[in-house]
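Protein sequence lines, in the order shown, are assigned to chains A and B.
In case it helps, our numbering puts the first sequence at residues 8 to 424.
In case it helps, our numbering puts the second sequence at residues 8 to 424.
If you're looking for bench data, these hints aren't it; they were derived computationally from the structure.
No false leads were slipped in.
Identical copies carry no separate label here, and so any pair may be met within one copy or between two of them.
Computed cross-link-like contacts, EDC-like style, restricted to lysine to aspartate or glutamate with a CA-CA straight-line distance of at most 20 Å:
1) 293 with 33
2) 49 with 171
3) 293 with 391
4) 293 with 34
5) 293 with 283
6) 293 with 333
7) 49 with 187
Number of protein chains: 2
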Amino acid sequence: MPTPSLSLNASLMLEQLRVLGTLGADDAGGGRTRIALTDADKAGRDQVVQWMRDLQLDVRVDRIGNIFGILPAATEAGDRRPLMIGSHIDSVRNAGALDGCYGVLAGLAIVRAYRDADVRPARAIVVGAFTNEEGVRYQPDMMGSLVYAGGLAVDEALDTIGIDGTRLGDELARIGYAGDLEPGALVPHEYLELHIEQGPILEAENLCIGVVENLQGISWQRITVHGVANHAGTTPTRLRHDAGYAASAIVAFLRERVVGAAPETTLATTGSLRLEPDVVNVIPRKATLTVDLRDPDEERLRTAEKRLADFLVEIARREGVRIDAERLARFEPVVFDAGLVEAIEASARRLGLSCRRMTSGAGHDAQMISRIAPSAMIFVPSREGISHNPREHTDDEQLVQGAQVLLDVVRRRLLAG
Amino acid sequence: MPTPSLSLNASLMLEQLRVLGTLGADDAGGGRTRIALTDADKAGRDQVVQWMRDLQLDVRVDRIGNIFGILPAATEAGDRRPLMIGSHIDSVRNAGALDGCYGVLAGLAIVRAYRDADVRPARAIVVGAFTNEEGVRYQPDMMGSLVYAGGLAVDEALDTIGIDGTRLGDELARIGYAGDLEPGALVPHEYLELHIEQGPILEAENLCIGVVENLQGISWQRITVHGVANHAGTTPTRLRHDAGYAASAIVAFLRERVVGAAPETTLATTGSLRLEPDVVNVIPRKATLTVDLRDPDEERLRTAEKRLADFLVEIARREGVRIDAERLARFEPVVFDAGLVEAIEASARRLGLSCRRMTSGAGHDAQMISRIAPSAMIFVPSREGISHNPREHTDDEQLVQGAQVLLDVVRRRLLAG
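Using the sequences and the hints, build the whole thing.
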């Protein structure tokens, strides 16, 4: 069979990235906020579904709200085990325009290349946009792909209560994306995800393509410190049970003693910290903080969790406070499919693009789908490694190069059938 | 002149404390919230004004919203330089029922004793309820008495913008307490304030009365840390500019190095700490925290401020963040009037009540009024030293003993005329 000539409509892919980035735009600062299952997320979903329909894809929505656009195969047999390209379009607060969206819209660009060439692939191609990858409002993150891969029961996920007190299933129905497809119904033959690196490595080494061969483990906890509110001016330090000081000591310990013990691989972040009653002259009665621990090595990740747990006991005793730790998410490190990783590397080389194998520092839907199908990821550079921020940026040329590699990989996998 | 027999209506004073404590009651936990110039504060003010009218007092409200109830003297000459008894009725969030309210309602009980005995005092007695003593919504705290004493221009105070973005003058007018009396118009001959200790000393030493001879200095700052938001999983620690970590390091430093350097006298509290964007997997872009430093010795207080300032420079350099420090309030330590202090001690002894001289750890309106009139304070015990908390408690008997001492001091000062 001759290699069908498929060409990428780069300008349309870039234009769609721009348009999707205008939905949920923040009042100031050039960012956008499309937190899962909000009205802004609905606006993004509606736009992506419209673009899928423009490509005459068969659009399906499953019970957790994952959206799939299906390009049928040349033969019925080829429809059974599709090749899936996916990512997400939900965002953090005040986000950039690329995280997640790039992978979904590049997937549409691949399908468009087949449509434009009027070529039917040997296997159906499914472009997936997974629900709630960011986990800002409902936890755990990567929820849609986790449910899809069978790692979380759909009914349990629908009952998740958000930080705003809402029930995920109710919000999903409210925005009109409570579908009827059973999660996991379409089992992919292989899964590919194209994403910005969100880290500084490719830019620092002046490389075009990251061939992602593994992904670090992630441990999320919510820690609640229960102290005693009291007057800031009349309570001797020795009699205090200061929930705010204990919380700050935990954050300092994570940086100085947990990360300090494995500075090259272990990452620790407290992104959220809240005090009650949060008044200048009242010793905090309660502190709630999150801890995000990551390491590519499961043993080291467990060691970090252990160090933290031991310190919680120590600081609770020292300060006379009670501390509860609740696990929000826990994913072991993932090793991607060796064959797909080699295929990505080969395509990058074939296209004359510099590349390196690397570890993903971020969690991605690919890590969930890898439970049910051979998976791998392609990274492109992130300027200054910045993401989850309006300053997130990748040059258009680099975005197009990443999509070209994805197209080349898909084309060859589908010839192989 | 024979000593007029004056008797305290203890049960009515206690009943009024209970009733005032029901206004602004929180949904749960038994606390109440009457933050300055809110609807709940208006409800408290309306009730106190009604009780003043029940005593046929001449009620005046000044331009900053301080409320005064005046019992005229036996002679016109006695009206010129009144004896003032005051405190405040605004509260922190989720507060107890006694802080401030006790001093105001005990003042009304003193006036009631004169009314009941149909005795005219040698000097007018003014019961004052000062605006915004707590400083929760508008800063600085003790604002009403500060303005009254000439320490802050009334127009400047009216232009204060609150943490909720409101203008103090607008809220004062909205609740109907923008009066026309010029602050400071009634210059007190002497000022007395009865208050719960809000500390553990009297209870620990099993004493009835605290004779307050001085008050520690207070330094309030708002510190803002400007970092860079970035992805928690992909940003190497050495490349982070983590505003949340820097804020936590500041809180830990205050406890371990600033308080640690003078543990018997210096107090440091961070009551409020907020992160942006406050998301689990995003390195905080911005952290805003308050610092409350106190010490009875001005030199030591300055040393504490200097240690903090030096650390802000150090942590900003280490973490690559920008730190702004804004002064919210700064009051030097106050020494109360020796004659009034002796009079309070003498009255306690005369009534057979155990007492000791002590330092006030909290700021009080008395520290402001002491700028324009001889002033002193009387403390009663606080159970477990707890205040700014629904568990704030003083036994009824102890509350009545404090009011008896206040009545005895007032009676003798007014005989002396």
